[in-house]
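Q: Using the hints, position chains B and C against chain A.
Chains as they are written, first to last, in my numbering: chain A, 1 to 378; chain B, 1001 to 1191; chain C, 2001 to 2281.
Worth flagging that the hints you see were computed from the coordinates, not collected in a lab.
Check each hint, because a few of them may be wrong.
Stated by the list, open to error - Short derived list, chain A residues pointing at chain B, Cβ under 10 Å: (1) Ser144; (2) Ser178; (3) Leu184; (4) Pro185; (5) Met210; (6) Pro212; (7) Asn213; (8) Pro217; (9) Ala290; (10) Leu291; (11) Ala293; (12) Thr294; (13) Met337; (14) Met368; (15) Leu371; (16) Glu372.
Every residue gets a Cβ at the ideal spot worked out from N, C-alpha and C, and that includes glycine.
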Amino acid sequence: MANKKKKLMQGNMACVEGAIYSGMQFFAGYPITPSTEIAEGCSRELPKIGGRFIQMEDEIGSIAAVIGASIAGMKSFTATSGPGYSLMQENLGYAFITETPLVVINVQRGGPSTGLPTKVSQSDTMQARWGPHGDYAAIAVAPSTVQECHTETVRAFNLSERFRTPVTILLDEVIGHSRGVISLPEKGELEVYNRVKPTASPEEVLPFEMTPNLVSPMAGYGEGYRFHVTGLTHDVHGFSTNRSDEIFPKLDKLHNKILNYRDEISKLRIENMDDAEVAFISYGSVSRAALQATAIAREAGVKVGCIQLYTIWPFPEKELRQICANCSKVIVGELNMGQIIHEIERVLPGDIEIHAKQRYDGEIMTPMQLLEKLEEVL
Amino acid sequence: MGYKFIDRIKVPEDRFELRLSGSGGQGMIFAAVVLGEAIGLAEGKNVVQSQSYGPEARGGASKADVVISANEIFYPKAMKLDMLLAMTQEALDSYLKDLKEDGVLIVDTSLVTDIPVDNYYGLDFTHLAKNEVGHIMVANVVALGAISCFTGIVGKEVLTNAVLKRAPRGTEDKNRKAIDVGFEEASKLKK
Amino acid sequence: MATVTKQKSDVVLDYLRPGKKFPSVWCPGCGNGIVMGALIRAIDKLGWDRDNIAMVSGIGCSSRLPIYLDVHTLHSTHGRALPFATGIKFAKPGMKVIVVTGDGDALAIGGNHFIHACRRNIDITAILINNNIYGMTGGQGSPTTPAEKISTTTPFGNVEKQFDPCQLAIGAGASYVARTTVYHTPHMEKMLLAALEHKGFSLVEAVSNCHTYFGRLNRQGDAVAMLNLFKENSVMKGKASKMTDEELKGKWVLGTLHEHEATEFCDEYQKLVDAQMSKRG
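Just chain A, same shape as in the assembly (with noise of 0.2 Å):
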């Protein structure tokens, strides 16, 4: 597009535009390194757009506020780094249970604790899934350029909005911090999924019904629909409940309204795999060192591809069984000590070698570290 409009901006904007353009307006945060620029995007832009900006006295508060501004209504977000992901666990869990549209962006740093505040780390990966206790099914997606902040974040709220559950945006330091050339879609370009509201009378809606796709319409505070939300595991009439006939399918509601569409969440990037032997898996930050060493190693005749994973949870299994059926060897980096490999060395057949390349010093995997590492399992 010729007059499309080209800005260069850091990954933590290009979430914050990305929200924007999904119809994002409320954000409620603290701030943290590395993900600030965020929460100072959105206290710039959104009394612009007449939307609402808070700065909460702590991440709890701060998750507590998006999920009441999503329950009235509002298209609303969060932005965190590893401490105060940590901090916002249990409301994140209040958000499963109470199938509450909301993204949490998590601009990942060394841990565990205050640990590496400005520099890189992917060890989150396994939180976003598990962090909050009790059994759900989880959504998070991780951009790995400027522009891709921007696309997934817009997917991570329809995502989220489409499917009534909290979504994780995996950001890493490096994503978040570096800045590119981003061309914002114009009004139209992107799908924005807005949630599916009721339209059956108040006497007859229940606002956590089963539906066919196992997701209830869901009306903000003040639409005509009065309703009550609890954490306590309820029934379809949001009422607590200690009943076997309705715990079951209260969770597995949860489970299955996204397991059941994970084709449609699942989101993989593949480069050079038709004729691949050896696969580079990874995502974030890592899968751009991936694609640099891919591209290296093909220029000096290696039968090398990479696959980037767009969505990290749940986890694209078979998309990952069908891209590696003709690779013998997959070599996964992670900013971690070894996190998603568990799930590769789970869903990819036995006959396959799986080789980690990890690094936790807080610095950037180098395509030079995954070139020797390729060298060494060829």
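A: Frame of chain A; chains B and C shown alone:
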């Protein structure tokens, strides 16, 4: 088994990688963002600008990379520098090893005294900013003018527009002057 | 406003949620029911559209209160009612937002949110039902358990100091603060009415009885005996102002303890939005 290929790999030729390095407060990140905007928006190339930094807002080592390519940029950081600007001795000591053999080295000779190579451009950016422009704070912009002249990766006019877009109101004349001074002083040295 | 004069009991029944199962989770004689009745009557007097009311609570006995009412209700996580309510109010400033909380919920786990909601002066009314103990988990000590009193976690007497919720709220910037007890029901209704009508953050501390745990462990008798204690040991603010500290020891001072005019958070933010939007045309 045992297939060796690393001795045959080549640094990708479609990338131009530069690093601006100094200490926190010298405006290296600002300068890199301006370069990124000038090259990425006005010149229409792909650019990725990144930085590494410590917790301190002033002092401490500071570096900002810009990767430029006509093609999709995969790896966002520099792999082998085509150009290095070192505004402090510490920066030069840390990053000289990342410069390609035929890469362009530019140093601020007011602050860098021990330069272990012969092939480099030395300019007194800090003094030029203070004496010729009237403000030590624009040493980074003087350096940008010199980079434009030495490397040709960005035109002087495009660069000036990009600086003025980012610079605080009321500092336009100083910044324009800073680029001019940097460019002119560089042209006297350019081989 | 309702034009038909209803019997008091009818008003309460009218606001209860159709289809919600009774009896409630509360022990017979619990003060929470008295607070619920007074709150309903106050809301009814104001004639508020119940579709425009959001009632938010945390975790604990008091936090079960909203569940029974036919308004928008949100039973949130422990201590977090105020930030959930802040999200609702800020997203829909036209809504009337009421928080029901307890001494443990608001002052221990939720203490930070409590002082910040006061500071922000966001237009929310918080009703803090203070029974000096954790009832739902079986009688543990709370930040308001008096010195030397027995709970299941202070079996030899409480050695800790206490929060005075009203003084805490005043210090943190709340613009309306009142105290009442479950014995003084007409007074409670009056205080709730004033708090609900107040623009800005308002707190009503409702001193209440947990005879099941606090009363039993401290030999204060049944519900009726505890209500009598509230009656005998309460002093209205006017009278209290003429009493010495010594005379006021162990007494509850009731009434509007503090009121001041201050700009409200959502209003101020809206001004900022209007200014930014008009700048953009």
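Q: Run every hint past the structure and note whether it holds.
A: Each hint, compared with the structure:
1. Ser144: Check passed: Cβ of A/Ser144 comes within 9 Å of chain B, closer than 10 Å.
2. Ser178: Where the cut-off is 10 Å and the nearest Cβ of chain B is about 4 Å from A/Ser178, the hint holds.
3. Leu184: 12 Å, violated
4. Pro185: 17 Å, violated
5. Met210: 46 Å, violated
6. Pro212: At about 42 Å, which exceeds the 10 Å cut-off, the nearest Cβ of chain B leaves the hint on A/Pro212 violated.
7. Asn213: 37 Å, violated
8. Pro217: With a minimum Cβ separation of about 42 Å from chain B (threshold 10 Å), the hint on A/Pro217 is violated.
9. Ala290: 8 Å, holds
10. Leu291: 4 Å, holds
11. Ala293: 8 Å, holds
12. Thr294: Interface hint status for A/Thr294: holds (8 Å vs cutoff 10 Å).
13. Met337: 22 Å, violated
14. Met368: Holds. Min distance 7 Å.
15. Leu371: 6 Å, holds
16. Glu372: This hint holds: A/Glu372 lies near chain B, its Cβ roughly 7 Å from the closest one there, short of 10 Å.
Hint violations for this structure: numbers 3, 4, 5, 6, 7, 8 and 13, all remaining hints satisfied.
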